[in-house]
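Dock chain to chain to rebuild the complex, using the hints, since each chain is given by itself in its own frame.
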Amino acid sequence: MILQIIFFVLLGLGLVFAAIRLAVGPTAFDRVISLDMINIIITGLLAVIAALKGDAMYLDIALVFAVLAFLETIVFARFMEGKK
Amino acid sequence: MNTLSYILIIAGGIFYATGGLGLLRMPDLYTRAQAGTKATTLGTMLTLAGVIAARPEWTLKILLIMLFIVATNPVGSSTLIRSAYRSGVKPYGVPVVDELEDLYKKEDEQ
Numbered sequence: 001m002i003l004q005i006i007f008f009v010l011l012g013l014g015l016v017f018a019a020i021r022l023a024v025g026p027t028a029f030d031r032v033i034s035l036d037m038i039n040i041i042i043t044g045l046l047a048v049i050a051a052l053k054g055d056a057m058y059l060d061i062a063l064v065f066a067v068l069a070f071l072e073t074i075v076f077a078r079f080m081e082g083k084k
Numbered sequence: 085m086n087t088l089s090y091i092l093i094i095a096g097g098i099f100y101a102t103g104g105l106g107l108l109r110m111p112d113l114y115t116r117a118q119a120g121t122k123a124t125t126l127g128t129m130l131t132l133a134g135v136i137a138a139r140p141e142w143t144l145k146i147l148l149i150m151l152f153i154v155a156t157n158p159v160g161s162s163t164l165i166r167s168a169y170r171s172g173v174k175p176y177g178v179p180v181v182d183e184l185e186d187l188y189k190k191e192d193e194q
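Here the protein sequences line up with chains F and R, keeping their order.
First residue of the first sequence? That's 1 in the numbering used here, and the numbers climb one at a time after it.
First residue of the second sequence? That's 85 in the numbering used here, and the numbers climb one at a time after it.
In short, the hints are calculated from the structure, not lab data.
The reader is advised that the hints may include incorrect statements.
[As the list claims (entries may be wrong)] Chain R stretches covered by chain F per the calculated footprint, using a threshold of three residues with CB under 8 Å from any CB of chain F:
id, segment
1, 151-164
2, 176-187
[To be verified] Stretch-level coverage of chain F by chain R, calculated; a stretch enters the list once three of its residues show a Cβ under 8 Å from a Cβ in chain R:
id, segment
3, 12-20
4, 47-56
No residue lacks a Cβ here, since even glycine has one placed at the ideal position from N, Cα and C.
Just chain R, with the same shape it has in the complex (with noise of 0.2 Å):
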């Protein structure tokens, strides 16, 4: 492990712990989701991004990880959101615009 490694593994720890507070703090779903998905999924980027820097032989094995989480962790929290919003989860305050609610009515009507 070097210096440049720790760096990385640390400011990967920070958005970890970021979002965690994030998802603690917020005040609905919605933006919860939004907290804790976005921020780990950085967070894992640069922890990887650093055991990389710490074992170069690891690459391509690390680089498979990266890709799959780039390409799942998104898709599995808008599912999640999706799905949420179709079982009637009200967000916080009044929302300025849903362009969501037509869409879906039309579609349960047929």
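Chain F extracted, bound-state conformation (with noise of 0.2 Å):
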């Protein structure tokens, strides 16, 4: 019990960093930067949650935030490439 709790204080922090620099950075470019972090971190997250709970539906959802995450950065990075 208390690893699961260390385990979920240190991806907290992590989640608590990226969302301060998606708040303060100064450019778009780092607020997707951490937009991409926190959606990684969130899928291992997931990952997690499926081997404590024992369903393995949630490594689907894990698997389909991967997908949407990614084409979330690619998507952001070609609208705003060239706009000085």
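Pasting the structure below:
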């Protein structure tokens, strides 16, 4: 139980740091980078929740979430390219 | 959940926390992207390996997620940084060498 709490605290620290960068980050690219990082952390979190609950459905959610996170980053990158 | 899986997922959690710290503390966009992407890719690999250690019957599905993240996370990051470079985001300090400058100037003239 204590080990699970250690893992969730470390993961939460990563999420909080990324969220601070999402809020302050001077350019839009900083915000997209931190959003990408939050998405990847949530993918790992979903896999751990699947293991803890013993329910393989969460792995499907994690896979779809990873696909959507990648598409989101690519779409933002193409959308913002070349705007001075 | 056994001991090995806890060791692996906590190692992954340490990489998540340090990646977030790098994202917060690094001086410019390019170093931030490097900290945020590399550390979280390794952290996700370790976390998913911990899930495999806990539930060996899900190995195939988790390997699929691992393969997908290894393939797409660096691609997304480099596409984003390329688009930032072309939008004129300046690196921190004076860059020693900038090999892309001439390349993109030539490309824009065409």
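Status of each hint after checking the structure:
no.	hint	verdict
1	151-164	holds (count 9)
2	176-187	violated (count 0)
3	12-20	holds (count 7)
4	47-56	holds (count 7)
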